[in-house]
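Peer 1: Chain by chain, the residues:
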Amino acid sequence: MTTTADPTTHEIGNARTRKEDARLITGRTRYTDSITPSGTLYLAVVRSPLAHATITNINAEAARSAPGVFGVYTAADLGAEGIGLPCAWPVTPDQKAPQRPLLAVNTVHFAGEGVAVVVARTAAEAKDAADLVEVDYDPLDPVLDMEAAAADGANLVHPDLGTNVSATWVFDSAEAGTGNSVADAIAAAEADPDQIVVRRRFRQQRLIPAFMEPRSVVVDPTGEQITMWSSTQVPHILRTMTTVTTGIPESKLRVIAPDVGGGFGGKIGVVPEEMLCVLVAQKLGKPVKWTETRSESLLAAHHGRDQIQDITITAKKDGTVTGLDVSLLADMGAYLGLVGPGVPILGAFMFNSIYKIPAYRFTCRNVFTTKTITDAYRGAGRPEATFAIERIMDELANELGRDPLELREQNWISHEEFPFTTVCGLTYDTGNYEAATAKATELFDYAGLRREQEERRRNNDPVQLGIGISTFTEMCGLAPSRVLGSLSYGAGGWEAASIRMLATGKVEVITGASGHGQGHETAFSQIVADQLGVPFEDVEVLHGDTQISPKGLDTYGSRSLVVGGIAIVKAAEKVVAKAKKLAAHLLEANEDDIEFSNGFFSVKGTDKGKAIQELAFAAFMAHDYPEDMEPSLDSDAVFDPENFSFPHGTHLAAIEVDTETGRVKLRHYVCVDDVGTVVNPLIVEGQVHGGLAQGIAQALFEEANYDESGTLVNGTFVDYTLPSAADLPSFTTGVSSNPATSNPLGVKGVGEAGTIASTPAIVNGVIDALRHLGVNEVEMPTTPQRVWRAIQEAQGRSTQETPVDTHSPGAGLGSIDPNNPQGEVQ
Amino acid sequence: MIPAKFDYVRPSSVEDAVEALRQGGEDAKILAGGQSLLPVLRLRLAAPSVIIDLGGIPELRGVREDGDRIAIGAMTPHHDVMRDDLVKQHVALLGQATETVADPQVRHRGTLGGALAHADPAGDLGAPALALDAEFVIAGSSGRRTVSAAEFFVDYFTTAIGEGEILTEIRFPRYTGWKSHYEKFNRTAQAWSMVAVAAALKVDGGTISEARVGLTNMGTTPIRATGVEQALVGQPATADAVRAAAERATEGTAAPSDADAAADYREHLARVLTGRAVLAAAG
Ligand SMILES: Cc1cc2nc3c(=O)[nH]c(=O)nc-3n(C[C@H](O)[C@H](O)[C@H](O)COP(=O)(O)OP(=O)(O)OC[C@H]3O[C@@H](n4cnc5c(N)ncnc54)[C@H](O)[C@@H]3O)c2cc1C
Chain G
1 MTTTADPTTH
11 EIGNARTRKE
21 DARLITGRTR
31 YTDSITPSGT
41 LYLAVVRSPL
51 AHATITNINA
61 EAARSAPGVF
71 GVYTAADLGA
81 EGIGLPCAWP
91 VTPDQKAPQR
101 PLLAVNTVHF
111 AGEGVAVVVA
121 RTAAEAKDAA
131 DLVEVDYDPL
141 DPVLDMEAAA
151 ADGANLVHPD
161 LGTNVSATWV
171 FDSAEAGTGN
181 SVADAIAAAE
191 ADPDQIVVRR
201 RFRQQRLIPA
211 FMEPRSVVVD
221 PTGEQITMWS
231 STQVPHILRT
241 MTTVTTGIPE
251 SKLRVIAPDV
261 GGGFGGKIGV
271 VPEEMLCVLV
281 AQKLGKPVKW
291 TETRSESLLA
301 AHHGRDQIQD
311 ITITAKKDGT
321 VTGLDVSLLA
331 DMGAYLGLVG
341 PGVPILGAFM
351 FNSIYKIPAY
361 RFTCRNVFTT
371 KTITDAYRGA
381 GRPEATFAIE
391 RIMDELANEL
401 GRDPLELREQ
411 NWISHEEFPF
421 TTVCGLTYDT
431 GNYEAATAKA
441 TELFDYAGLR
451 REQEERRRNN
461 DPVQLGIGIS
471 TFTEMCGLAP
481 SRVLGSLSYG
491 AGGWEAASIR
501 MLATGKVEVI
511 TGASGHGQGH
521 ETAFSQIVAD
531 QLGVPFEDVE
541 VLHGDTQISP
551 KGLDTYGSRS
561 LVVGGIAIVK
571 AAEKVVAKAK
581 KLAAHLLEAN
591 EDDIEFSNGF
601 FSVKGTDKGK
611 AIQELAFAAF
621 MAHDYPEDME
631 PSLDSDAVFD
641 PENFSFPHGT
651 HLAAIEVDTE
661 TGRVKLRHYV
671 CVDDVGTVVN
681 PLIVEGQVHG
691 GLAQGIAQAL
701 FEEANYDESG
711 TLVNGTFVDY
721 TLPSAADLPS
731 FTTGVSSNPA
741 TSNPLGVKGV
751 GEAGTIASTP
761 AIVNGVIDAL
771 RHLGVNEVEM
781 PTTPQRVWRA
791 IQEAQGRSTQ
801 ETPVDTHSPG
811 AGLGSIDPNN
821 PQGEVQ
Chain L
1 MIPAKFDYVR
11 PSSVEDAVEA
21 LRQGGEDAKI
31 LAGGQSLLPV
41 LRLRLAAPSV
51 IIDLGGIPEL
61 RGVREDGDRI
71 AIGAMTPHHD
81 VMRDDLVKQH
91 VALLGQATET
101 VADPQVRHRG
111 TLGGALAHAD
121 PAGDLGAPAL
131 ALDAEFVIAG
141 SSGRRTVSAA
151 EFFVDYFTTA
161 IGEGEILTEI
171 RFPRYTGWKS
181 HYEKFNRTAQ
191 AWSMVAVAAA
201 LKVDGGTISE
211 ARVGLTNMGT
221 TPIRATGVEQ
231 ALVGQPATAD
241 AVRAAAERAT
251 EGTAAPSDAD
261 AAADYREHLA
271 RVLTGRAVLA
281 AAG
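If you read the sequences in order, they're chains G and L.
Per full-length UniProt numbering: the first sequence = residues 1 to 826.
Per full-length UniProt numbering: the second sequence = residues 1 to 283.
Keep in mind that a hint or two might mislead.
Claimed, not checked - Here are the simulated lysine-lysine pairs, PhoX-like style, with alpha carbons at most 25 Å apart:
1. L:29 - G:127
2. G:610 - G:574
3. G:506 - G:439
4. L:88 - G:127
5. G:581 - G:506
Quick caveat, the hints were computed from the structure, so don't treat them as lab data.
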């Protein structure tokens, strides 16, 4: 075959506003909850208020006779006692994976777990009747502290497993042959006065993904195929997993993810309510809908992060890092989520980050507690890794009396060294940490801010300034299927695409990457417009319905562009190849003499040619085409990446800390990211901004708090403190591109970059502002109270924290007294 | 989220509202802007049988002069209060506190009367009302009565408004020419106060001649920092003098402890913020 002419590049790089936004922001779109087939019944879930208890009795009499009620069902009533939700990631061969029931059977394992469902004619009647279901519980001791849970003799979440440790996963560079032994490195450093060992413990608090559209499912069993609409990130995975879970043949299932209002990993699971809607719809022969309330969402949809990280780094006194040891405890919650056990493992390859670390070991123990399950949340494993390495690089710099940026540069992979194979065996294709850092420090005025910091320290200013640094990289574009295989993941990492050339020259692009707010439709249209030389407006991107897009692995892990987008490029190349053949035939020329550019196939050295639209029409008419060709330009492709992509960047935060109150103010934030080729600068900017907001929120604002009985105490948006625009400064963002060599567009992922990078930048800045006062650690979120206490303690003024006597006065609903919730209203 | 079922009435006069309350008995609930009541209903923390919406009573809305008082109808939305010229001129502190309430949407719906009747100790409007000696006009089946701010705030979510009664108006003496500031400390920009301090001062020739200081969320009701007020009077409006007076901010407080702030931290904040509020007011 001849080489295709370079595709034109009019669209790639163009800051188009997103074509999907008009329908989204005018309310014209349909989310799952807006879909109501006639005769729909509504499902409400009766949830356990207790974290750990034996169910002694369920009395549904009153609920059954309540107005509009069709039925009240337990797992037994649905014949679902034996059904378990899938976990697709057995991280070790002996991983302990308790069955996660659709509804608790005998024992509840976390507060919020479903116990029964009520089905009624309206959502309000279902909710009213759910309140009437009386469940008697015998409380059991909750298991809340993951360190205690992992210890011998711990109270067990699942006694039949004999332990709360689900799996222990280890990577050792000496064993893998990718580096030296970290045990040797630590022993050597301890014995050598010219070396240093720094040990720190960091805590990744529990977070809630907090997507805007609550989860919702509609199941219509009345057709030949059962149709399920779900507010999910993963319609294809959901279809397969519904088969695995319920035994309904995959061919009898159609899954549709209509417009989905955000996910951030939080909609990657296969949830009990999806399966319950299937079972109930089949049982009653009627469409069934479940839409969660915000409180249900915060309580029962999966949470993220929640790790204890013990980090040891060794270095020569000249600053050269010699080893890194990482020991994690990761809280799985009560069961294993779809990919939950693999989330901390995804971080394993990123603790070494951009640095040349000769010896590395990673150990993670996944632990059960009686809390909501954890699973993917924006960044999934990589924010945790980035946080730990970037925090400990600052600690090391401090111990050695070095500028933290300089120490990083001493240890990072220099741009001449790419491609570089790391101590984990990953090969970073491209990057230039020096260039990104140079640009960022200039935009930030690093030197000027260091001077201001000095001055404030000298003057004992009540407001101190800190400079927070994070020079991150991440692996994204999940994922080469063989790598996933080596990690025992239960699927591949490819993505599928199809291009249909319509008779009238318009183009339909079908992608298996199911967008839910990212801007796929716009970016993919831009790519196809360039590849085929057709107007942007002529490209329609279709996705999110297994009947339209039968094949795909959906959207997570910054994969849509770098895997799904490349599948589209591959399909477009096939379209062009077919069109060229047809053009040669129609133009009576040799195929080798056909040139393709700007949507036009011309005969070299002549003015004869055919537009791609004409060829699409000719293929449709099929009156005249080559013998050895089918009359169609339509093409499919499946792309399996050969490598991850490795975006990186330098993020700098100027942080003011009011030492009198402990208030942290983010004054200025600069980031310069290398996300490879930028398809749409506006979308990249949007992804970076949103990512930064979520990463900064982890550092400053968010934490899912449980009390000692295992109750989530901040389960509403008024006390789960998400920041709003008013809490964040305007960000200064820059780009320093080094196109990836692992894919033809040179793109790297951007969906998670901001979240991964920003958290340590903020915390490093907070500590940097207070270091001279003796503060070396403040746990996240670095709330005013925590900062203030850290200062008091460092100054030798120990504070006696008064125990909590009310829960969150003023937190939104005003003050809720947990012991007397009714009493709050006069 | 779905509230439990209730009946809804929208009377057009205070008298009709009082009558509806009487008929509804204990299970009746008044609806003002709904910014506190609706979340409570939707979380099913309350399930009133009837909701009486005061939104159809014109008399309850607006700011007017009434002799030496500025009278604000209970149903006046926060947004109107903070934009009102009479408020700016004579009760500036109330306007300043109102500006810190939530976000524009909430301020367009929520009302001064609703916020005060709700009596959330973390709410921002109780402290200025108390500091400025507001009077509360309450209507019931036997007519209207007026209570002082000191009597109005009884406890956590409890006021002097009795069963079957409605708050109709809040009346403020004029503080024309006073300097004031509301210093609020919260976790996120649009949240309730962890602690806040309302301060109004009369300053003559650099000396503080009168001072009013109210504290938000330092007890089950708004609290008047009388110790600070006394310490300020006669002092120059200097940083040292003000900080010394602010040390007395925690006298008579009973700060709550919650996940955001334990009592000792709140007490510390009260002292720091009192100093800042007074200095900012003195300008
Ligand atoms: C997101 C959000 C953020 C907020 N942030 C803040 C903040 O930062 N600071 C702050 O101070 N407030 C805040 N609020 C609360 C806001 O100020 C509300 O407006 C106020 O608490 C209640 O006023 P409302 O008019 O909405 O009353 P409603 O919610 O309608 O009523 C509240 C209670 O008062 C009773 N009531 C109302 N009017 C009367 C009356 N005339 N007579 C007798 N009883 C009556 C009702 O029966 C009910 O029990 C916030 C609210 C929200 C939703």
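Peer 1: Each hint should be assessed against the structure and marked as holding or not.
Peer 2: Okay, the hints, checked on the actual structure:
1. L:29 - G:127: Since the Cα atoms of residue 29 of chain L and residue 127 of chain G sit roughly 22 Å apart, the hinted pair holds (cutoff 25 Å).
2. G:610 - G:574: holds (17 Å)
3. G:506 - G:439: violated (42 Å)
4. L:88 - G:127: Distance ~47 Å between residue 88 of chain L and residue 127 of chain G Cα, so the pair is violated.
5. G:581 - G:506: holds (20 Å)
In the structure shown, a violation is registered for the earlier hints numbered 3 and 4, in ascending order.
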